[in-house]
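Peer 1: Residue numbers (my numbering), protein chains in the order written: chain A, 777 to 943; chain B, 8 to 437.
Just so you know, not all the hints are guaranteed correct.
Restricting the straight-line Cα-Cα distance to at most 20 Å, the calculated cross-link-like pairs of lysine to aspartate or glutamate (DMTMM-like) are [said to hold, decoys possible]:
#1 429/B - 910/A
#2 172/B - 912/A
#3 877/A - 76/B
#4 825/A - 943/A
#5 877/A - 73/B
#6 849/A - 421/B
#7 429/B - 862/A
#8 318/B - 910/A
#9 849/A - 258/B
#10 805/A - 936/A
#11 849/A - 408/B
#12 173/B - 408/B
#13 364/B - 910/A
#14 877/A - 863/A
#15 429/B - 943/A
#16 890/A - 878/A
#17 363/B - 910/A
#18 429/B - 889/A
#19 827/A - 925/A
#20 914/A - 889/A
#21 805/A - 418/B
#22 890/A - 925/A
#23 318/B - 863/A
#24 805/A - 76/B
#25 90/B - 258/B
#26 398/B - 862/A
#27 849/A - 418/B
#28 429/B - 936/A
#29 825/A - 887/A
#30 139/B - 43/B
#31 914/A - 335/B
#32 805/A - 430/B
#33 429/B - 863/A
#34 877/A - 33/B
#35 398/B - 863/A
#36 890/A - 33/B
Only some residues are given here: those of chain B computed to face chain A with a beta carbon under 7 Å [said to hold, decoys possible]:
#37 50
#38 52
#39 61
#40 63
Don't read these hints as lab results, they were simulated from the structure. Every residue gets a Cβ at the ideal spot worked out from N, C-alpha and C, and that includes glycine.
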Amino acid sequence: MQSICTCFTCLFIFLQMGEKEEMGRILIKPEVCIGCRLCEIWCTVAHSKTKNIIKAFLYEEVRALPRVQVEEKLPLTFPMQCRHCEEPDCVAACISGALSKDPGTGRVDHDAEKCVGCFSCVLACPYGCININENERKVVKCDLCRELDTMYCVSHCPNEALVFVNE
Amino acid sequence: MNEFDYVIIGNSAGAIGCIEGIRSVDNTGTIALVSEEAHHVYSRALIPYFLSGATGTSGMAFRPPDFYERAGVRLFLNKKAVKINFGDKEVVLDDGNKLGYGKLLLATGGKPVFPPIPGLRKKNVFSFHSIKDALGIKQHMAGARNAVVLGGGVIGLMAAEVLLKKNIKVCVLELADRVLAPVVDVTASRMVEETFREAGVEVLTNNTVAAVHGKEYVEKVTLQDGRTIPCDLLIVGIGVTPRVELAEETELEVDRGIVVNEQMQTSVSDVYACGDCISVYNFVTGLKQPLPLWPNAYLGGRIAGVNMAGKTREYTTGTSMNAMHFFDLNLINAGVNATADGDADWHVVSKLDPEKKIYRKFTIDRDGVLRGFILIGQVARAGILLNLMRKKIDVRGFQQELLRDNFGYADLPDLIRWHLLKEHMILGVV
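Take these sequences, add in the hints, and give me the full structure.
Peer 2: Below, the structure is given as structure tokens:
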């Protein structure tokens with residue numbers, strides 16, 4: 777459990793952290809990122825079969841790939857994941873229709889069943905946030921933890937370097 | 008006569024982009040779509056995946072089955088637009104019907120180039136363009152033993168890989184002295200040729216088919232070098248040329264493709280065009296030229312749709328770009344990649360590891376702006392490089408960093424990085 781300041785403002789922020797709302801996006805505070813890569817770890821857990829950190833890393837047959845990536849050039853570190861762009865270039869580039877923008881939530885979705893692994897989206901994404909799954913020859917990307925109650929990278933960042941902002 | 012606010016001729020990437028562009032602005036305007044094919048929208052780019060078995064015909068659907076219904080599009084499938092009366096703003100179909108339009112989109116696509124070789128139109132000769140081609144190839148693939156692929160470009164090479172994997176002996180013929188010219192440079196071409204040869208594909212450059220033998224079916228072909236080889240499946244994958252029949256003998260300006268401005272408007276008012284049938288602004292060369300690629304078609308169509316619906320948006324991010332894979336070799340390129348195409352004072356930063364089949368090459372102009380890149384083996388995060396090109400960032404201050412395997416935003420100078428990422432970052436918290 778992370779320790780936090782107990783003033784009302786911080787408590788309010790804490791309660792907001794990772795709580796899922798309809799529209800909004802994850803913003804990044806690079807100055808407070810300490811490069812611990814817990815966001816990557818918990819992203820792996822979030823996309824594992826069991827959602828259990830031990831099993832996800834040690835016992836699952838295939839370890840899930842994180843969709844958030846910490847960029848590092850010490851002392852600089854900061855995480856990046858899909859920006860769920862308003863006009864996503866990846867969706868425009870997708871040849872199979874696997875990528876789509878959900879008009880309701882604003883989320884950019886990836887249908888792994890439809891994905892043929894052409895990597896057109898890897899070329900299109902201006903943020904480099906579509907990751908390659910070499911084993912399956914497909915791509916993986918942030919889904920804003922669609923099947924979970926909270927966004928794991930946001931709720932597990934010990935330093936609030938990732939925040940979810942409603943828009 | 009049927010009257011529509013929007014009429015779209017064509018039913019591929021550009022048409023779908025246009026429908027989605029219109030509907031992002033206008034939810035009520037009436038849309039009609041005319042297509043000479045009878046199919047639900049499918050992705051031509053998936054033909055190799057269909058033939059390899061990675062996806063079935065249903066998997067080729069580019070949008071869900073209820074797409075048109077949900078978008079409120081009236082379909083005129085299996086109908087060909089034969090004439091446009093720009094004065095009366097109507098499209099004439101081959102069944103005599105007329106469709107009146109408020110705004111018109113021409114998304115007629117490209118047609119496969121067939122070289123002028125006598126007797127080439129035979130039952131086992133296919134282009135690599137439509138679902139009809141795909142089904143025909145699939146049918147003939149089963150019994151084929153010797154395939155000849157005419158054209159060593161992206162299409163021809165993808166076809167060659169699929170056929171080889173179906174245990175067919177494959178010979179690729181390329182008229183130029185290397186494959187994938189002019190998409191990539193000589194070094195990259197050689198790496199790709201080597202990959203094909205190692206896999207067992209015969210790649211013959213400076214060569215083509217001189218004569219075709221056989222009655223209804225091709226049985227043998229004589230090459231330009233005089234050899235005659237067996238052939239029971241011939242794929243013509245030379246490329247596509249813009250389909251501009253509807254523009255012929257009209258006031259529509261055509262320069263190879265139908266000429267459009269940055270808002271995707273043609274020279275005739277209320278008429279827009281996108282996709283493989285157009286000549287469009289290439290932000291790298293600054294010229295208008297055909298850029299017949301899936302992402303360009305979709306995005307051009309989408310921007311056309313937004314403009315047709317009354318908002319103003321410009322398409323200024325198109326250029327030549329490809330994500331390709333041949334066997335285990337991944338290759339991504341964008342922009343201009345042979346320095347000879349640019350000015351003498353352009354320079355190149357590159358890294359080559361032939362053993363590991365890794366190549367990174369960056370072409371930089373006199374102002375330090377990236378004009379093109381090739382990535383082989385290491386293609387992750389390629390889009391960051393395309394973004395640097397589009398934003399015309401001077402890369403000279405960090406050009407050696409471009410050669411790093413996992414080049415990313417962390418490798419950029421602070422000012423440039425935070426400028427490019429400003430919408431996504433909260434700075435100044437400490």
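Peer 1: Now tell me, hint by hint, if it's right for this structure.
Peer 2: We went through each hint and held it up to the structure:
Proposed proximity of residue 429/B and residue 910/A is contradicted: the alpha carbons are some 31 Å apart, above 20 Å. Our distance criterion of 20 Å between C-alpha atoms is met by residue 172/B and residue 912/A, whose separation comes to about 18 Å. Straight-line distance between C-alpha atoms of residue 877/A and residue 76/B comes to about 18 Å, which keeps the hinted pair within the 20 Å bound. This hinted pair does not check out: residue 825/A and residue 943/A have alpha carbons roughly 31 Å apart, beyond 20 Å.
At roughly 16 Å between alpha-carbon atoms, residue 877/A and residue 73/B fall within 20 Å of each other, so this suggested pair holds. Taking the CA atoms of residue 849/A and residue 421/B, the gap is about 11 Å. The hint holds against a cut of 20 Å. Between residue 429/B and residue 862/A the CA atoms are separated by roughly 15 Å; this keeps the pair inside 20 Å, and the hint holds. With a C-alpha separation of about 41 Å, the suggested pairing of residue 318/B with residue 910/A is violated against the 20 Å cut-off.
Annotation: proposed proximity of residue 849/A to residue 258/B is violated, straight-line Cα distance about 57 Å (limit 20 Å). Taking the CA atoms of residue 805/A and residue 936/A, the gap is about 8 Å. The hint holds against a cut of 20 Å. About 11 Å separates the Cα atoms of residue 849/A and residue 408/B, which keeps this hinted pair within 20 Å; it holds. With a C-alpha separation of about 42 Å, the suggested pairing of residue 173/B with residue 408/B is violated against the 20 Å cut-off.
Of the supplied pair hints, the one linking residue 364/B and residue 910/A holds, its CA atoms being roughly 16 Å apart against a limit of 20 Å. For the hint linking residue 877/A to residue 863/A, the alpha-carbon distance of about 8 Å falls within 20 Å, and the restraint holds. A hinted pair counts as satisfied when its Cα atoms are at most 20 Å apart, and residue 429/B with residue 943/A qualifies at roughly 16 Å. A hinted pair counts as satisfied when its Cα atoms are at most 20 Å apart, and residue 890/A with residue 878/A qualifies at roughly 16 Å.
The hinted pair formed by residue 363/B and residue 910/A meets the criterion: a straight-line CA distance of about 16 Å does not exceed 20 Å. Only pairs whose Cα atoms come within 20 Å are accepted, and residue 429/B paired with residue 889/A is rejected, the gap being roughly 34 Å. Simply put, residue 827/A and residue 925/A have alpha-carbon atoms about 12 Å apart, close enough for the 20 Å limit, and the pair holds. Restraint check for residue 914/A and residue 889/A: satisfied, since their Cα atoms lie roughly 9 Å apart, inside the 20 Å limit.
The hinted pair formed by residue 805/A and residue 418/B meets the criterion: a straight-line CA distance of about 18 Å does not exceed 20 Å. The hinted pair formed by residue 890/A and residue 925/A fails the criterion: a straight-line CA distance of about 26 Å is larger than 20 Å. For the suggested pair residue 318/B and residue 863/A, the alpha carbons sit about 15 Å apart, so the restraint of at most 20 Å is met. Restraint check: the Cα-Cα separation between residue 805/A and residue 76/B comes to about 43 Å, which exceeds 20 Å; the hinted pair is violated.
Distance check on the hinted pair: residue 90/B and residue 258/B sit about 13 Å apart at the alpha-carbon level, within 20 Å; holds. Restraint check for residue 398/B and residue 862/A: the C-alpha separation of about 18 Å stays at or below 20 Å, so the hint holds. Annotation: proposed proximity of residue 849/A to residue 418/B holds, straight-line Cα distance about 7 Å (limit 20 Å). Using a Cα cut-off of 20 Å, the hinted pair residue 429/B and residue 936/A holds, with the two alpha carbons roughly 18 Å apart.
Taken as a hint, the residue 825/A and residue 887/A pair is honoured in the structure, with Cα atoms around 17 Å apart against an allowance of 20 Å. A threshold of 20 Å between alpha carbons decides the hint, and for residue 139/B with residue 43/B the separation of about 13 Å falls inside it, so the pair holds. Note on residue 914/A and residue 335/B: the hinted pairing holds, with a Cα-Cα distance of about 14 Å set against a maximum of 20 Å. Of the supplied pair hints, the one linking residue 805/A and residue 430/B holds, its CA atoms being roughly 12 Å apart against a limit of 20 Å.
The straight-line distance between the Cα atoms of residue 429/B and residue 863/A is roughly 17 Å, inside the 20 Å bound, and the hint therefore holds. The straight-line distance between the Cα atoms of residue 877/A and residue 33/B is roughly 18 Å, inside the 20 Å bound, and the hint therefore holds. For the hint pairing residue 398/B with residue 863/A, the CA-to-CA distance comes to about 17 Å; that is within 20 Å, so the pair holds. Among the hinted pairs, residue 890/A with residue 33/B is inconsistent with the structure: their alpha-carbon atoms are about 29 Å apart, more than 20 Å.
Of the supplied interface hints, the one on residue 50/B holds, with its beta-carbon coming within about 5 Å of a beta-carbon of chain A, less than 7 Å. For residue 52/B, the suggested interface contact is upheld, since its CB lies about 4 Å from the closest CB of chain A, less than 7 Å. Interface hint at residue 61/B: satisfied, since its Cβ lies 6 Å from the closest Cβ of chain A, which is below the 7 Å cut-off. This hint is violated: residue 63/B has a C-beta 12 Å from the nearest C-beta of chain A, more than the 7 Å allowed.
The structure fails to meet hints 1, 4, 8, 9, 12, 18, 22, 24, 36 and 40 from the earlier list, while all remaining hints are met.
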